[in-house]
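Take a look at the letters that make up each chain.
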Amino acid sequence: MIDILLILLSISLLYMSISNRLASYLQILVLQGLILFGTTYLTLTEVNTLNLLLIMLETLVFKAIAVPWFMNYVIKKNKITREAEPYLPNFISLLIVTLIIVFAIILASFMNNEHLDKTFFVVAISTIFTGLYLIVSRKKIITHVIGYIVIENGVMVLSLAVGNEMPMLVNLGVMLDIFASVLILGIFFNKIGDVIKDPDVDLLSNLKDN
Amino acid sequence: MIVLFLIGTILIICGLFFNKNRTVNYLLVSLYVVLLWCLGVYECFHLNQTEFTFFTADSLGLLLLLVLCIVAVPALYHGYRYLEKHNLGETPHSRGIFFGSMVLLITSCGVAYLSNHIAVTWIFVEITTLSASALIYHHRTMRALEGVWKYVFICAISITFIYVGILFLSLSMKGAGIEDMSFTSLYQNRLLLDPYWLKLSFLFIFTGFSAKFGLVPMYTAGIDAKDKAPAPAGALLSSILMNLGFVGVYRVYGIMVQTPVQEWARAIMIISGLLSIFVAAVYMTRIKNIKRMFAYSGIEHMGLVVLGLAVGGIGVYAAILHVLLHTLVKPTLFFQYNQIYWIYQSKSVNDIGDYFKYNKTGAILLLLAFFSATAMPPSGLFVSEFMIFQSLFESHHVLMLLVVVLLLTLIIWGFGSNIFKLLFTPLEKELERSRIPHISPWESLSQYVLLAFSVYLAYNPPMEMVNLINNAVRIIQ
Amino acid sequence: MISLILILLASLFFMGIVVRTKSITSGRKGPGLLQPLKDVLRLLKKGSIYSKTTSFIFRIAPTTYLASVLMAILMIPHGNTPGIISFENDFVMFAYILSFGKFMTIVAALDTGSSFEGMGASREGLYSMLVEPAFFILMGSFALFTGHTSFQSIFSLLHFGSNISYMLGAMATFVFVLIAMVENSRMPFDDPETHLELTMVHEVMILDNSGFDLGLITYTTYLKFSMYGALIANLFIGRLPLQYSIPLFFVTQFLFAVAVGLIESFRARFRMGHNPQYIFILSSVAMLLFFGILLLTGKFI
Amino acid sequence: MEKLLIEIFNLLTLAALLSFPFLNIKWRGYVTLGTISTQVIVALIVAFSVFTNGLAEYAYQGSWVTGEIPVRIDYLSAWFILLISFTFLTGAWYGFQYLKKYKDRTASLTLHAAALMMAYTSMIDICVVQNGFAMLIVWEIMAISSFITIIFEHEKKETLKAGINFLIQSHVSILFLTIAFMWVKVKTGSFDYEAITSFTRSQSALTSLGLFLFFFVGFAIKSGFVPFHTWLPLAHPVAPAHVSGIMSGVIIKIGIYGILRMLLLIKTDMTTVGYFIVTVSVITGIYGVMLAIVQHNFKTLLAYHSIENIGIIGIGIGLGCLGLGAGNNILAICGFGGALLHTLNHSLFKSLLFYCSGNIYQATHTMDIERLGGLIKKMPHTAYLFLLGALAICGLPPFNGFVSEFFIYSGLLQGITSAGHAIPTLFYLFAVIGLALIGGLALICFTKVFGIIFLGTPRDKTIEVKGPEKPLSIIPLYFSGLMILLIGVVPFLLAPYLVKTIQSYIPSLNFSGYLQLESLLENLTSIGWYSLGFIVLTAVLYGIRLLIVSGREDLEDNTWGCGYTGDASKMQYTASSFVRTYRKLAEPALLIRKEKQEATGLYPVTINQVTHPGDKLEKWLIDKPLRFVRKVLNSFAFLQNGKIQAYILYGIIFVGLAILLPTVVAKIDVLIHFLNQF
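Line by line, the protein sequences are chains A, B, C and D.
All the letters of the first sequence, read from the start, carry residue numbers 1 to 210 under the working numbering.
All the letters of the second sequence, read from the start, carry residue numbers 1 to 477 under the working numbering.
All the letters of the third sequence, read from the start, carry residue numbers 1 to 301 under the working numbering.
All the letters of the fourth sequence, read from the start, carry residue numbers 1 to 678 under the working numbering.
Quick caveat, the hints were computed from the structure, so don't treat them as lab data.
Keep in mind it's a predicted model, so treat the numbers as computed, not measured.
Just to be clear, a hint being listed does not mean it is correct.
Facing chain D, a subset of chain C residues (Cβ under 8 angstroms, in silico) [said to hold, decoys possible]:
#1 S55
#2 T64
#3 A67
#4 E88
#5 S99
#6 R123
#7 G125
#8 M129
#9 F236
The C-beta atom is built at its ideal place from N, Cα and C for all residues, glycine as well.
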């Protein structure tokens, strides 16, 4: 069951790499949030209930509802064009994300560690790098934020892999999640949104030395 | 004590945030300074004692804490001078935020030095990001916004990297069946850890810390941050915050030594160090914005430090010494930058010059600081640089040594031609005397003291310091 | 002492012989042997005229020129009997004293601010610079040959035993003769009797000297000739006793003078632009000499 | 005793620096002058007491970074203290007058004064301290302070440019020294100079040679051996005259000191070292003077002459090494003696020449030889002093330059006569030829300089000469001039000190050696007397001449102009036309840009031709590589391009490569291994 969810997650990555509209990104975020919700529930069997609840709440409320909703709100508020405006054609993005997954699998194939379910590892790594790739390959700032959330999801998956032994780390992950997202989104909504309409990274590339 | 310190700090910060009165603000900040010094002194007498399970003042942490105590005072003082001069749009509120985040930054750095648990370090790294971003965005301008955005985003990514690294570390511990994640236990059981995960974790943690440390690959946003932050804050960002990165890398590298991973980790660090020096050389020879130039010179020094760390031998000692001295020297440049900016209202070399005519004390200080920052004898950094070269020489990296020396020479050339342009070349059109604010020589006193202190520490190091450094080095050997 | 007297004597007739040779070869009945000397005396009697632009340098230069040559002559031995001044490596001082005189004459030429004299001055400087190595190589090879480094000991120990050494002696003579030609700026390097300043070296330098100074300079030239003559003579005198050596000395001077005369009447002047390379040939010949002596002393192993 | 004096010496500077804030600019000047003068006295006392009482040695308890800091003042140090102090004395007094022109620029003057004192102090310290690390520090202090003195007129662009060039090159030199000292430190664990000796003794000759090469390059950059000379011609013209004098007089000599010191310490195959140094030096000498001749800026010209003289000194040093290598005392004596003596002589006449050039510059405000002329009428003292210096630097008797060159000549000729084999014989001959050529070229050069600047008529009527010469701008010059003449005429006064210094190289001077030394000294004496005789002879002859012509009336008239009676000043020979014939010969070795216009059309038009002398070695060794490096660096300027995506990409690439590369390499290894099996 867990594997199915995880594979679903990586499929969502593929979909993300080819989708053009911001709206669909948000939907995928929601989907990933839900998947994480499920995975958390199924994986962390040995954590005490309160902690588990906290984590699941975070995944559900924060990842699956709050953040996407906020984003949506911003997009509407700042009248950001609904296009993702990638630098590369979708086909190549698809190719690259596939390569990332393959790379993750190869990496996993090197390890000789029976304590870890390799699926977690593969999915986590591929999610993280896909998130990075999304940031690199898209123009808009908002897509950066989305990419970052994706990375967070990947980290979440990875932390779940050790969650049973060290719940403390998972909590840390949650903390990071909330903290960083709040910081970034905070700056984003309060400042950038007001200053720049249709925020576009090109407008934020004045500090340079070349 | 730590706990008291933290609580006290939190109270002070809250006070700073909500108080609108200037004198109260002064009082709170000075109170904080006292508190900080108390912590420093206290830790001197409680070396290697764990408190609150997460904090141990080992020698490295103590050393860095002490230089932090030293640098914090002039930084806060110049913060006041800064706010007074730049009083455009300064409200009690913004002042409160400014000092609040200064205090927060200092505290989180100081505590992070002392933490003996990687996760705790990580938490405080996050907090530094928060406070730094508040400082960077102190002038609510478009550029400042851009700077803070980049800084926050890159830092967020990098702390995620660190987190991933920690996860890998925990995986390797899981293999060895270790639960305790404090550095001490890690050092004890370093040989049990699974090399595969250790590799990955070191890679990710190093990459993550390189954002704070100011190394290739993640140094980029730091430059903008130091450029955009007010000079006193910039001074902190380019000294104690970089030290935070150093501590992180140092402790994590400490886990790797004597494991099969060590050689690989060395390679990673050497590559990163060389690239950093190279990048510094690229920009020092072409850049015109002096503040960014100071930032890049920081990159260069950190590159040297990590080289020394990686090569080992006397290099490790030299690396720690270099970090300490750099912490004393680099802020002087930023503090002096304040005075320069007051006179010229610009940071581009093209429209500043003949500083020697307008502010003699500052000019001479700048001259000395330049010689110090480029590690020309009799500057203090020369000693540590000499040792780093020596370690390269001893470990038969002669080719690397030559490359480094060449790059450093180029850096001195670029740095020098800008600084001397700034000091001596007359402007196209003279500044009218009325517009030049009179700057009292006492403004530069703190810088002179810092430089003198760095020279003293370098050439006639007190035995205590030497012992502390040697103890710190033992982590690596 | 003796060499000084001999050289002074020789200098009285030297130029006369040269002139006489030229006139005979050109089929004229030339002036008497003492005519050049008379010219000098006439000049010495005259009052002189100085250019407005000149300074004290210009007035003292001829004297220093004469003094330098005299000083140089004092160092020349007569075969085995040393000159008045004689010490180790005295020929170094010999060369440098001569160039001191040259320095002053060149400077004096520039002192007039004339549009011609600079030409001569620059050429003089260049040529003497080019000659210097030849002289030093020559003396160096003699030093190698004899193992001593002062005029007197060198010349007293020079002995031409084998065939090679005759050849070497001939080469040395050749080099010395040509050095003398350059130093006195005679044919084929310079034509003192041309009517065109642009093509002269030495004469154009002294355009503005007149009266006493001109006399001094002219006589100094004669002295220089006989000085080099003496050097050449020394090549052959060796340890001969005086009653042979003194006649030999005069014979050599005479032959040298005749040679100069003949060269002047049968050779055309080199092109000014080509002079340097011809002068440098001297150094190459001297190098050959050096190698020859290396062979003789068996240091090529 | 010496310890106390040296400490006083250093404290004097400190006291003067501390007193500066409380004085006005006038008094700062006086204090500087007073301090340097007293310091000179102290230094001279030290030097002479060492010469009389033998070596002085004591040590400071340094920190663990430096280790113990021994201070040893031996004859070599004393000799250099002597000449440095003398030049600084004249330099300070002359500079005091020279800088009066700038008295309104108080700030720069203060900095300059402070730097001057520090330069002097640090140089003396370099001569006495014998701990590598401490030496590096004083060395750099010296470099930095001399850099500050150079950029006195920092409002000019080229001044700053040349200054930075100087700073960078001296930093390169200190890098070489650092590596060399580090080498010894790593191997022996000590910075003490004596460690160098023990180290090189224990190592193979080749290793020691390598170590020596590092030291040599480090010091050669400072002293301006070709091809490390490029900073000199840039730095000298822009510096104030007295600084140029000091710089060319002693600062470059510090490099010579270093080389001599290392030759004392390093035990290696001296013959090879000798061959190496002589070859480099002959090239240096000839190259320097060849470029000097074609210069138009007289300070640049003098700078190139410093290079030439360094070459001569180097020949001496190399000769000495060959002597040591061959165990031939007389060679060693002549070589080192000549080198040491020429170091002193050059510091005298070169500083004299630079001070004169300073007077010229302040009177005419140009350094372009082509525009000057006839100055002897306006500033006679400067003119005759310059003539003196010129004759001395050409090595003509009866001046000191001749004495030292004679030394070297006699050594070389000794070598020719005594060398057992063809190769060394030829080598000595080659050196002799080199010296002779250098002498001849120097003659051309200085006849040109003196003749064009001081004689004839002004070539540029727009220049009005500010006279008269100030006494203070003349007296120090006469002082040096006197010394020049003294050393030329009575060199044996120096002999005892010289002999002691030389003997530190030949500790075991056997009886025959003493005899040779004696004969050499007799030679020295005789040269002195003969030079005096030459002066007397000239004087007598001139007296006679005066007696004879006294009765006659001298006419004054225009220079003979081949019938042209107008103003011929435009038709005079210029510097470039004077050296044209030479330039044609030397063209291949030089780098000269010509700007030439051809006269066209039927009617007369004004055309002009300009030549800009360049430096081929500088072009090929400095400019082109530097340009290449800049290009490479700038091609990486895209890194900080302001795009956040790029910044993150760096991270990804770093991590990705760090993970992939080793595995890929491993795989390739496996593949290769696999293929190798067939």
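Please list, smallest to largest, the hint numbers that this structure does not respect. Checked against the structure, the only hint that fails is number 9, while the rest are satisfied.
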